[in-house]
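Heads up: the sequence lines are chains A and B, in that order. Residue 14 is where the first sequence starts when you use the working numbering, and the numbers rise one by one after that. Residue 4 is where the second sequence starts when you use the working numbering, and the numbers rise one by one after that.
None of these hints come from the bench; they were simulated from the model. Quick caveat, the model's predicted, so the values are computed rather than measured. There's no promise every hint is true.
Claimed, not checked - Part of the chain B face toward chain A, derived, beta carbon under 7 Å:
| id | residue |
| --- | --- |
| 1 | T125 |
| 2 | N159 |
| 3 | R173 |
| 4 | A177 |
| 5 | V196 |
| 6 | G198 |
| 7 | L243 |
| 8 | S251 |
| 9 | S252 |
| 10 | I258 |
| 11 | L270 |
| 12 | G385 |
| 13 | G386 |
Even for Gly, the Cβ is constructed at its ideal location relative to N, Cα and C.
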Amino acid sequence: MIEITNYCTISGNHISVNGQIDFVQDDSAMSFTDFIKAAYRNYKMDYPKFFKMDNLSKLAFIAAEVLLKDTGFLTRYQPEDIGILFQNGSSSLDSDLKHAASIKDKTNYFPSPAVFVYTLPNIMIGELCIRHKIKGENTLFIFPKFDTGFLYDIIDNSFATGKIQSCLGGWIECGNDNYQAFLF
Amino acid sequence: MGNSLKSEKMPEVYIAGNNMMTSLGFTTDENVENLKNDISGIRLCTDKNLYPTPFWASPLSTERLNDSFAGIADVTLFTRFEKMQILSLTEALKNSKVDVCDAKTLIILSSTKGNIDLLEETRQNYFSPERVYLWETAKRLAEFFGNPNRPLVISNACISGVLAIITGMRLIKAGKYENVIVTGGDILSEFVVSGFQSFQSLSQGPCQPFDAKRTGLNIGEGCGTIILTSNSSLVDDSCLIRVTGGHSSNDANHISGPSRTGDGLYLAIKGAMNEADILPENLDYVSAHGTATAYNDEMEAKALALAGLNHVPVNSLKSYFGHTLGAAGIIESVVCLYSLKQNILFNTKGYQEHGVSVDLNIIKKLTSAPVNSCLKMASGFGGCNAAVVFQKKIVS
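Let the hints inform the model, and build the full structure from the sequences given.
Set out below in structure tokens:
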């Protein structure tokens with residue numbers, strides 16, 4: 014039987030851990046970019062690469078930091094025995110639009126590798142693997158909405174077949190004007 | 004729950020049909036005929052809608068795409084990506100007994116960017132904006148073929164295709180479905196060409212995998228389909244091929260560069276071979292990712308050495324039809340299936356002078372040899388790696 018040991022949610026300018034509000038910004042007009050930076054500072058994180066990430070990766074990064082903080086959870090497993098299985102809805106649309114804008118005008122053509130690399134939604138998984146030394150199975154599924162039943166089955170199968178012993182799973186979505194993370 | 008699953012006998016997973024569509028042809032036979040004749044579909048593209056200056060790539064013929072599609076449905080109602088997917092799936096179903104409308108059949112779509120050209124304003128006048136979402140494309144694909152199940156979508160950079168095959172295999176082994184149709188594609192778009200150009204990773208000519216003078220990759224446009232089933236009576240072929248193992252891993256090293264040691268890919272190879280229960284000395288052929296970028300090919304060579312596979316005949320097919328991104332794992336697996344069926348190994352076109360630090364058994368010319376087992380591997384941005392094993396069923 015799979016056991017969810019900890020979970021974290023981020024949406025609407027608040028962060029919850031195991032159902033308890035952990036960080037909140039009352040300014041409802043606050044943008045995602047400002048909110049996620051405020052969260053980074055609140056938890057006194059020190060990971061300069063964070064500022065190079067796109068919004069989707071920033072969201073996944075903060076959710077994982079908050080979820081794993083002080084738990085020592087992943088240290089109990091070998092890197093190759095930890096998996097990451099995520100779902101999301103709009104792939105990397107937020108970064109896709111930025112890259113598309115950079116090539117729209119032929120007289121002002123400025124595609125950038127720093128933006129383009131984030132036009133793959135699984136880059137957020139790569140960022141978490143680097144940060145937390147995770148080398149196990151990783152897959153990103155694109156769903157119209159969070160499908161917990163499907164994700165449970167897939168994770169259960171990976172455990173049952175001995176592919177992984179521990180897993181970060183969840184829904185990490187950053188689309189037009191809305192964002193949501195549910196990580197466990 | 005884990006124990007009960009293990010004690011039950013898991014079904015075997017067979018290949019019940021396939022198709023590949025690239026610049027070299029719209030059917031598997033047409034493609035392999037060109038491979039046999041050492042013909043590449045990579046050419047200099049001068050279309051300014053794709054990039055301001057000429058670049059080398061492997062595009063599908065738009066005229067042929069529309070002509071072929073006109074026999075199936077109205078060409079104006081579907082995007083380029085959707086037309087490719089529908090055509091490839093139609094073709095694969097033709098040489099299979101699997102019923103696409105059956106509730107026991109699932110469709111898995113693999114793509115990195117899907118309908119990404121719909122971000123261009125000029126195209127938004129023709130197609131609704133939600134079609135840029137991969138799940139929407141997949142839904143339309145399932146509806147077109149009358150499949151009752153919600154399709155799965157996997158978008159995991161350049162390993163998407165191999166991951167889709169692995170996921171299909173697992174769902175069948177777990178008894179969730181009897182048949183899984185794995186289909187994947189990516190179009191040649193300004194979005195992707197400009198991005199790879201900004202990385203300076205495009206080759207200044209047809210790419211040369213594993214060669215000392217390699218300078219980068221060529222983007223390919225293509226689509227591939229592989230039909231999986233647990234019901235061997237649905238396989239319309241005397242040669243039964245099984246998918247026997249698959250595994251993915253992450254380098255945990257860099258988001259846009261592969262590992263320097265190959266240890267991440269090695270983990271994927273080891274996991275796939277353990278599951279398939281095959282030893283390195285019994286593996287007949289490795290189909291590498293072989294993009295022909297300096298770092299990728301070097302990393303793959305090191306991973307093969309770590310896995311004790313550097314003696315095994317290996318090729319890269321990228322110099323025939325380019326890097327087809329989300330389709331690559333499927334298209335190149337289709338060629339693996341042909342190699343298994345026909346006991347034939349294709350050469351790595353463009354490879355002349357060995358250019359990686361590990362000695363490899365790179366296939367230099369079209370070779371007839373017994374091929375009973377094969378490993379297909381892939382690596383991509385985000386540090387991801389995947390490997391899958393195909394084996395002929397030995398009938399005793």
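>> I'd like to know which numbered hints this structure contradicts. Please list them from smallest to largest.
In response: 1, 5, 7
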